[in-house]
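So for the sequence shown, my numbering puts the first residue at 270; every next one is plus one.
Keep in mind the hints are simulated off the structure, nothing from the lab. Here a beta-carbon is modelled for each residue, glycine too, at the ideal position from N, C-alpha and C. Take the hints with a grain of salt, since some may be wrong.
Said to hold, decoys possible - When the alpha-carbon atoms are kept at most 25 Å apart in a straight line, the in silico DSS-like pairs for lysine-lysine are as follows:
| no. | residue 1 | residue 2 |
| --- | --- | --- |
| 1 | K403 | K434 |
| 2 | K416 | K524 |
| 3 | K412 | K559 |
| 4 | K512 | K412 |
| 5 | K646 | K512 |
| 6 | K530 | K418 |
| 7 | K618 | K646 |
| 8 | K618 | K652 |
| 9 | K412 | K496 |
Unchecked claim - Label pairs and their computed distance ranges (CB to CB):
| no. | residue 1 | residue 2 | range |
| --- | --- | --- | --- |
| 10 | R371 | E461 | 43 to 49 Å |
| 11 | K618 | P592 | 17 to 23 Å |
| 12 | E580 | S447 | 38 to 44 Å |
| 13 | L503 | S473 | 34 to 40 Å |
| 14 | E583 | Q441 | 27 to 33 Å |
| 15 | K344 | L488 | 53 to 59 Å |
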Amino acid sequence: MKQENGSKKRISKVISVLIAILVWIFVIYSENPSLDVKLSAIDVQLVNEAALLNKNLMVVDKNSISDASIVIRGKRQDLISVMGNISASIDLSQISEAGVYRLQPVFDIPSNAVYISKRNTRYIEITVEEMAEKSIPITINQKNADKNKSFIVESIPENSTITVKGTYEDIQSIDHASISIDASSMTQTNSERYSYALEDENNSEILPLNEIISDETILVKNNVYEKISLDVVLSIPSDIDNKYTVELISQDVDKVDVGIKSEEGRAVQSITNSNEFNDITPGTNKYELKLIQPDGIYLPAESQYITVELEVFEKEEKTLEVPLNVKNSENKTYTLQNNTVQVSISGPKEKLTSDNISAELDLDAVSGTGEQTVSVKPSTSEKDITIEDTEVFVNVIIEE
Numbered sequence: 270m271k272q273e274n275g276s277k278k279r280i281s282k283v284i285s286v287l288i289a290i291l292v293w294i295f296v297i298y299s300e301n302p303s304l305d306v307k308l309s310a311i312d313v314q315l316v317n318e319a320a321l322l323n324k325n326l327m328v329v330d331k332n333s334i335s336d337a338s339i340v341i342r343g344k345r346q347d348l349i350s351v352m353g354n355i356s357a358s359i360d361l362s363q364i365s366e367a368g369v370y371r372l373q374p375v376f377d378i379p380s381n382a383v384y385i386s387k388r389n390t391r392y393i394e395i396t397v398e399e400m401a402e403k404s405i406p407i408t409i410n411q412k413n414a415d416k417n418k419s420f421i422v423e424s425i426p427e428n429s430t431i432t433v434k435g436t437y438e439d440i441q442s443i444d445h446a447s448i449s450i451d452a453s454s455m456t457q458t459n460s461e462r463y464s465y466a467l468e469d470e471n472n473s474e475i476l477p478l479n480e481i482i483s484d485e486t487i488l489v490k491n492n493v494y495e496k497i498s499l500d501v502v503l504s505i506p507s508d509i510d511n512k513y514t515v516e517l518i519s520q521d522v523d524k525v526d527v528g529i530k531s532e533e534g535r536a537v538q539s540i541t542n543s544n545e546f547n548d549i550t551p552g553t554n555k556y557e558l559k560l561i562q563p564d565g566i567y568l569p570a571e572s573q574y575i576t577v578e579l580e581v582f583e584k585e586e587k588t589l590e591v592p593l594n595v596k597n598s599e600n601k602t603y604t605l606q607n608n609t610v611q612v613s614i615s616g617p618k619e620k621l622t623s624d625n626i627s628a629e630l631d632l633d634a635v636s637g638t639g640e641q642t643v644s645v646k647p648s649t650s651e652k653d654i655t656i657e658d659t660e661v662f663v664n665v666i667i668e669e
């Protein structure tokens, strides 16, 4: 009997607790009492940052600025209405020099019925530094130019450089601003604004820790020209040709695509290299040569250089005794004062032999009899040998 009474008492207590909870919930929701609510992770906005930039100052390490926290008080329904709409800000207009500052945030609560009962965050620490400035060149990377079969595009930025501002650590590694332009479908000259990437000297994009201040876009004019292909012809400057014998072994580019800028360009048949041969030396070596852009022709930057492999011999000069070959189909009777002629030649040392030079006396072209002085023209089949004496003379006696 006592056990039954104990069980009834326990059940009665549980029911009493449940009834109390229900009554409390009813009171809470029906009476709308005042409550305290703690808000954390309130994002802090920077106000009047433009005024700071005008003083050549900037806030650094913005990502490290801590969030704000407060406790607000108000009726339940009023609290619910402002949740997610409370903001915090810091006014930067009074800062005039670089340094570390502890500034009091201002909280904006969009309701007069809700107020701050406690400021967990009284100050926010920010770091201000002087801005560094740098002028960097603008580079343009054309994509899919080879897919444009009829036209070639010359992209020219409005300015050759752009100015960037930021912390010294951020901008010191910036080498240039890179614009990417798709030339595959361009058929008419146009001007457009393009966004760009900041890159280092290895053409890798730089992701700065702090804000970089510069123009958002760059104006570029795209000149569209008719595309043609021209032969690339190697030219050896005279000063090198006089000193060396040069033989072309290989050439990486035989033709280049160019644009026709004017009618003058239509008369151009080929493109050749400039006279700037750097550090040419005897032996077999590779050389990078810059091509000359003829008038009326647009030659893209990526096609302005060719690589050639040359075999170079230092020229020597030598005078040889060359045997005379006599052409005498009419079987004339003759007497030569000398059976050889002296010929001055130049070229690779190992090729300067009489075996590589010929001298022919053509008696069929000689009329009359008696002693005569006849011109002989030496020749060679070796293209890297130069005959200095274009003609020599011999005395011959032709009998009657």
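Here is how each hint holds up against the structure:
The hinted pair formed by K403 and K434 meets the criterion: a straight-line CA distance of about 7 Å does not exceed 25 Å. A hinted pair counts as satisfied when its Cα atoms are at most 25 Å apart, and K416 with K524 qualifies at roughly 17 Å. Taken as a hint, the K412 and K559 pair is honoured in the structure, with Cα atoms around 23 Å apart against an allowance of 25 Å. Between K512 and K412, the direct Cα distance comes to roughly 43 Å. Violation of the 25 Å bound is thereby established for this hinted pair.
Between K646 and K512 the alpha-carbon distance is near 24 Å, which keeps this suggested pair within the 25 Å criterion. Between the alpha carbons of K530 and K418 the distance comes to roughly 17 Å, so the proposed pair stays at or under 25 Å and holds. With a C-alpha separation of about 22 Å, the suggested pairing of K618 with K646 holds against the 25 Å cut-off. With a C-alpha separation of about 14 Å, the suggested pair K618 and K652 falls inside the 25 Å cut-off, and the hint holds.
Restraint check: the Cα-Cα separation between K412 and K496 comes to about 16 Å, which is no more than 25 Å; the hinted pair holds. Taking the beta carbon of each, R371 and E461 are about 47 Å apart, inside 43 to 49 Å as hinted. At roughly 21 Å, the beta carbons of K618 and P592 sit within the given window of 17 to 23 Å. Checked against the given bound of 38 to 44 Å, the beta carbons of E580 and S447, roughly 40 Å apart, stay inside it.
The beta-carbon spacing between L503 and S473, approximately 36 Å, falls within the hinted interval of 34 to 40 Å. Between E583 and Q441 the beta carbons are some 47 Å apart, a value that contradicts the proposed interval 27 to 33 Å. Range check, K344 to L488: Cβ separation about 57 Å, and the 53 to 59 Å hint holds.
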